[in-house]
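For any residue, its number in this note's numbering is found by taking its place in the sequence shown, counting from 1, and adding 23.
Note that these hints are calculated values from the structure, not bench results.
Some hints here could point you the wrong way.
Said to hold, decoys possible - Calculated lysine-lysine pairs in the DSS-like style (CA-CA distance at most 27 Å, straight line):
1. Lys95 / Lys150
2. Lys231 / Lys122
3. Lys179 / Lys122
4. Lys95 / Lys179
5. Lys209 / Lys95
6. Lys231 / Lys150
7. Lys209 / Lys231
8. Lys150 / Lys179
To be verified - The following label-pair restraints were derived from C-beta to C-beta distances:
9. Val192 / Leu285: 48 to 54 Å
10. Lys320 / Pro42: 33 to 39 Å
11. Thr264 / Ala223: 32 to 38 Å
12. Asp181 / Ile55: 15 to 21 Å
Every residue, glycine too, gets a C-beta built ideally from N, C-alpha and C.
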Amino acid sequence: MKRRDRNLLLIYLGMITPPLLIYLFIVAFPIIYSVWISLTNFNPNKGGDWNFVGFTHYITMIQDPEFWHAFKNGMIVVGVSVFGQIPIGFILAYILFRKSVRAQHFFQSMIFLPQFLSTIVIGTLWKRLMQADGPIARLIQLMSGNPQAQFDMMLKADTVMIPIGFVLVWMYTGLYMMIFLANLQKIDESLIEAAQIDGASEPQIFLKVIVPMLSGSILVSAILAIAGSLRGFDLIFALTTQGLTRMNARVLPIFMYDTAFLDYSNPFRFAYGAAISNAIVIISVCIILLSNWIGRKFHAGEEY
Numbered sequence: 024m025k026r027r028d029r030n031l032l033l034i035y036l037g038m039i040t041p042p043l044l045i046y047l048f049i050v051a052f053p054i055i056y057s058v059w060i061s062l063t064n065f066n067p068n069k070g071g072d073w074n075f076v077g078f079t080h081y082i083t084m085i086q087d088p089e090f091w092h093a094f095k096n097g098m099i100v101v102g103v104s105v106f107g108q109i110p111i112g113f114i115l116a117y118i119l120f121r122k123s124v125r126a127q128h129f130f131q132s133m134i135f136l137p138q139f140l141s142t143i144v145i146g147t148l149w150k151r152l153m154q155a156d157g158p159i160a161r162l163i164q165l166m167s168g169n170p171q172a173q174f175d176m177m178l179k180a181d182t183v184m185i186p187i188g189f190v191l192v193w194m195y196t197g198l199y200m201m202i203f204l205a206n207l208q209k210i211d212e213s214l215i216e217a218a219q220i221d222g223a224s225e226p227q228i229f230l231k232v233i234v235p236m237l238s239g240s241i242l243v244s245a246i247l248a249i250a251g252s253l254r255g256f257d258l259i260f261a262l263t264t265q266g267l268t269r270m271n272a273r274v275l276p277i278f279m280y281d282t283a284f285l286d287y288s289n290p291f292r293f294a295y296g297a298a299i300s301n302a303i304v305i306i307s308v309c310i311i312l313l314s315n316w317i318g319r320k321f322h323a324g325e326e327y
């Protein structure tokens with residue numbers, strides 16, 4: 024090897040090695056360690072003793088009704104994010120882009136404002152508002168004339184995800200609105216003017232011109248929404264109180280947390296919790312791959 028080539032190789036190694044080591048220690052090692060723990064009966068109560076048990080914890084997880092309850096709630100959150108936050112954010116961005124409202128900068132700032140607030144603060148605020156005898160209950164009492172009326176949606180297993188879904192839309196719609204607004208501002212307005220000259224109505228312009236042009240942004244937003252939904256912990260944790268309400272609204276990250284750190288009756292809680300966390304990653308990857316496949320089919324249909 025020539026001296027010049029050897030020096031270039033040393034320079035490249037010097038540039039690549041530090042970030043590679045950081046990645047291995049911060050990202051790769053925890054993932055490998057989590058997979059390893061999930062395949063053992065690691066017991067912290069016995070000095071960290073462990074034996075290889077294969078996929079025992081994964082089989083237990085699949086047979087656990089609590090896992091499927093958390094999975095169902097997680098899919099509800101994904102649905103709210105993909106089919107609630109993204110479409111509403113897109114429509115609001117288009118309204119602002121077309122200058123269909125006055126004081127558009129004020130509305131843009133107000134819709135995006137929740138992004139500046141702490142998630143725990145937002146969760147605590149809405150939890151106070153949605154208590155059985157909180158401000159929302161008082162408003163219901165005034166409107167219905169029933170002084171005994173209460174807001175009990177957070178107390179019922181079959182309705183608890185409805186107010187949680189509303190808070191999720193309220194908090195994150197502004198983020199997707201800004202993503203779409205930034206991409207809308209890159210569109211050549213002569214295309215819209217040409218469509219108007221051809222007699223296209225505003226809904227037709229939106230559906231036939233704008234949506235296809237921003238299909239890539241929609242796909243990226245969907246991937247962000249899916250990944251964020253399946254790892255979402257803090258907002259729902261802050262929204263729900265310890266006990267029945269949190270059990271009813273439990274999603275996979277909260278289920279993993281409760282199992283690994285609070286379920287002292289399970290001697291292998293860390294190993295089982297690691298299996299749940301790995302399942303969250305696998306589910307996220309599968310749904311994202313499905314989204315990419317749908318996106319490719321959509322683009323193929325457009326080209327055809």
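A quick look at each hint next to the structure:
no.	hint	verdict
1	Lys95 / Lys150	holds (22 Å)
2	Lys231 / Lys122	holds (19 Å)
3	Lys179 / Lys122	violated (42 Å)
4	Lys95 / Lys179	holds (16 Å)
5	Lys209 / Lys95	violated (38 Å)
6	Lys231 / Lys150	violated (41 Å)
7	Lys209 / Lys231	holds (17 Å)
8	Lys150 / Lys179	holds (15 Å)
9	Val192 / Leu285: 48 to 54 Å	violated (29 Å)
10	Lys320 / Pro42: 33 to 39 Å	holds (36 Å)
11	Thr264 / Ala223: 32 to 38 Å	violated (51 Å)
12	Asp181 / Ile55: 15 to 21 Å	violated (40 Å)
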